[in-house]
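Whenever a hint applies, use it, and build me the whole structure from the sequences.
Number of protein chains: 2
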Amino acid sequence: MDLKSLIRDIPDFPKSGILFRDITTLLQNPEGLRYVIDRFTEIFAEQSIDYVLGIESRGFLFGTPLAYNLGAGFVPVRKPGKLPGAVHGQDYELEYGTDRLEIHQDACPQGSRLLIVDDLLATGGTAAATAKLIEPLACTLVGFGFLVELSGLAGRQKLPECDINVLVEY
Amino acid sequence: MDLKSLIRDIPDFPKSGILFRDITTLLQNPEGLRYVIDRFTEIFAEQSIDYVLGIESRGFLFGTPLAYNLGAGFVPVRKPGKLPGAVHGQDYELEYGTDRLEIHQDACPQGSRLLIVDDLLATGGTAAATAKLIEPLACTLVGFGFLVELSGLAGRQKLPECDINVLVEY
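Heads up: the protein sequence lines correspond to chains A and B, in order.
In this text, residue positions in the first sequence follow our numbering: the first is 1, and each later residue adds one.
In this text, residue positions in the second sequence follow our numbering: the first is 1, and each later residue adds one.
Errors might be hidden in some of the hints.
What the hints assert, rightly or not - Taking lysine-lysine pairs in the BS3-like style, the calculated list, with each CA pair at most 25 Å apart, reads:
id, chain 1, residue 1, chain 2, residue 2
1, A, Lys158, A, Lys132
2, A, Lys82, B, Lys79
3, A, Lys82, B, Lys82
4, B, Lys15, A, Lys82
5, A, Lys79, B, Lys15
6, B, Lys82, A, Lys15
7, A, Lys79, A, Lys15
8, B, Lys82, A, Lys79
9, B, Lys82, A, Lys4
10, B, Lys132, B, Lys158
Unchecked claim - Examples of chain B residues lying across from chain A (beta carbon under 7 Å, computed):
id, residue
11, Tyr68
12, Ala72
13, Val75
To be verified - Quick look at which bits of chain B chain A covers, simulated, 3 or more residues with Cβ under 8 Å:
id, stretch
14, 1-13
15, 30-40
16, 58-64
17, 82-92
18, 126-133
19, 155-166
Just so you know, the hints here were simulated from the structure itself, not pulled from any lab data.
Nothing here was measured: the structure is a model prediction, and the numbers come from that model.
We treat Cβ as the ideally placed atom computed from N, Cα and C, and that holds for glycine.
In structure tokens:
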């Protein structure tokens with residue numbers, strides 16, 4: 001399936017000079033949505049994934065259907081102050097300023113096999129912070145799944161050694 | 001399945017006096033996640049749903065797997081400034097101040113059959129605002145699906161006449 005034909009390009013969003021890859025047009029297409037979930041499922045089906053981690057908020061869109069198909073649990077990685085239990089936190093740098101991600105300390109038992117999903121791999125800051133965030137959990141990071149990679153930004157180089165899968169590359 | 005046994009109660013979150021119903025413990029349980037998605041699927045399977053609308057951000061968790069199972073498209077209802085295309089917007093009142101939801105104007109063709117999902121029906125402000133938000137789309141609102149209802153808050157009374165389904169009631 002030609003996924004790029006279902007992704008809409010919107011110039012100058014969220015600010016001038018940025019070409020935004022809008023995946024909402026893909027999500028609203030039943031065949032496109034089905035194809036994306038089925039492809040991710042095929043890719044990770046033999047990897048004995050225990051938990052799929054979705055990064056707030058567009059990572060949630062792919063995380064739960066993938067966990068459902070893989071027979072895994074789903075764990076949200078959230079912005080500060082959203083998770084009610086005891087959390088691990090990880091700060092990371094943005095173009096201007098810093099941001100922070102959190103995960104529940106009891107999200108996954110030690111030794112679990114984890115998969116991290118998000119819609120977009122751009123500069124890699126968020127994904128790399130998530131990989132650092134889970135270090136105290138003493139689990140195995142099997143891989144990442146991204147719908148879209150902006151390969152010119154070289155975000156992949158920030159990620160730890162693991163299985164990085166992308167369905168659409170620009 | 002006893003879903004309440006998978007939902008964790010956290011007192012005084014996000015502020016003193018609130019008993020927070022934490023669904024992350026349900027999501028991380030593979031059988032619990034599967035049961036919830038399968039139940040929603042059964043409930044709406046015969047309703048010819050064209051689009052499932054998920055309200056940011058916990059509504060995303062149930063919206064995409066349900067759309068996938070129903071063979072429908074998924075449409076995000078988001079906070080202001082997140083959707084890159086032309087939007088309809090709807091303001092609504094919070095306890096202190098106001099908030100706003102947006103949907104893409106071209107999210108669903110006129111006459112589509114829509115289902116709105118979210119994790120929680122509390123005072124009903126967000127869900128009622130979503131029902132108003134979609135009025136300009138000239139679609140049919142078939143119903144709502146909520147994982148949890150706090151029935152003492154009577155949010156249901158704010159919603160339009162349609163099929164309201166809840167899996168766990170407190």
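Outcome of the hint check:
1. The straight-line distance between the Cα atoms of A/Lys158 and A/Lys132 is roughly 11 Å, inside the 25 Å bound, and the hint therefore holds.
2. Taken as a hint, the A/Lys82 and B/Lys79 pair is honoured in the structure, with Cα atoms around 15 Å apart against an allowance of 25 Å.
3. With a CA separation close to 18 Å, the supplied pair A/Lys82 and B/Lys82 stays within the 25 Å bound.
4. Between B/Lys15 and A/Lys82 the alpha-carbon distance is near 12 Å, which keeps this suggested pair within the 25 Å criterion.
5. Restraint check for A/Lys79 and B/Lys15: the C-alpha separation of about 17 Å stays at or below 25 Å, so the hint holds.
6. The hinted pair formed by B/Lys82 and A/Lys15 meets the criterion: a straight-line CA distance of about 12 Å does not exceed 25 Å.
7. With a C-alpha separation of about 22 Å, the suggested pair A/Lys79 and A/Lys15 falls inside the 25 Å cut-off, and the hint holds.
8. Simply put, B/Lys82 and A/Lys79 have alpha-carbon atoms about 15 Å apart, close enough for the 25 Å limit, and the pair holds.
9. Simply put, B/Lys82 and A/Lys4 have alpha-carbon atoms about 21 Å apart, close enough for the 25 Å limit, and the pair holds.
10. Annotation: proposed proximity of B/Lys132 to B/Lys158 holds, straight-line Cα distance about 11 Å (limit 25 Å).
11. Hint status for B/Tyr68: holds, given a least beta-carbon distance of 5 Å to chain A, under 7 Å.
12. With a least beta-carbon distance of about 6 Å to chain A, the hint placing B/Ala72 at the interface is held under the 7 Å criterion.
13. At its closest, the beta carbon of B/Val75 sits 5 Å from a beta carbon of chain A; the interface hint therefore holds under the 7 Å criterion.
14. Coverage of the stretch 1-13 of chain B by chain A holds in this model, with 3 residues showing a Cβ closer than 8 Å to a Cβ of that chain against a need of three.
15. With a cut-off of 8 Å between beta carbons, the stretch 30-40 of chain B has 4 residues touching chain A; three or more are needed, and the interface restraint holds.
16. Given a C-beta distance limit of less than 8 Å, the hint that chain A covers the stretch 58-64 of chain B holds, as 6 residues qualify and 3 suffice.
17. Coverage of the stretch 82-92 of chain B by chain A holds [criterion: at least 3 residues with CB-CB distance below 8 Å; count 3].
18. Here the stretch 126-133 of chain B counts 0 residues with a CB under 8 Å from a CB of chain A, which misses the bar of 3, and the coverage is violated.
19. Interface restraint, the stretch 155-166 of chain B with chain A: violated (0 residues with C-beta to C-beta distance below 8 Å; minimum three).
When held up to the earlier numbered hints, the structure conflicts with 18 and 19 and fits the remainder.
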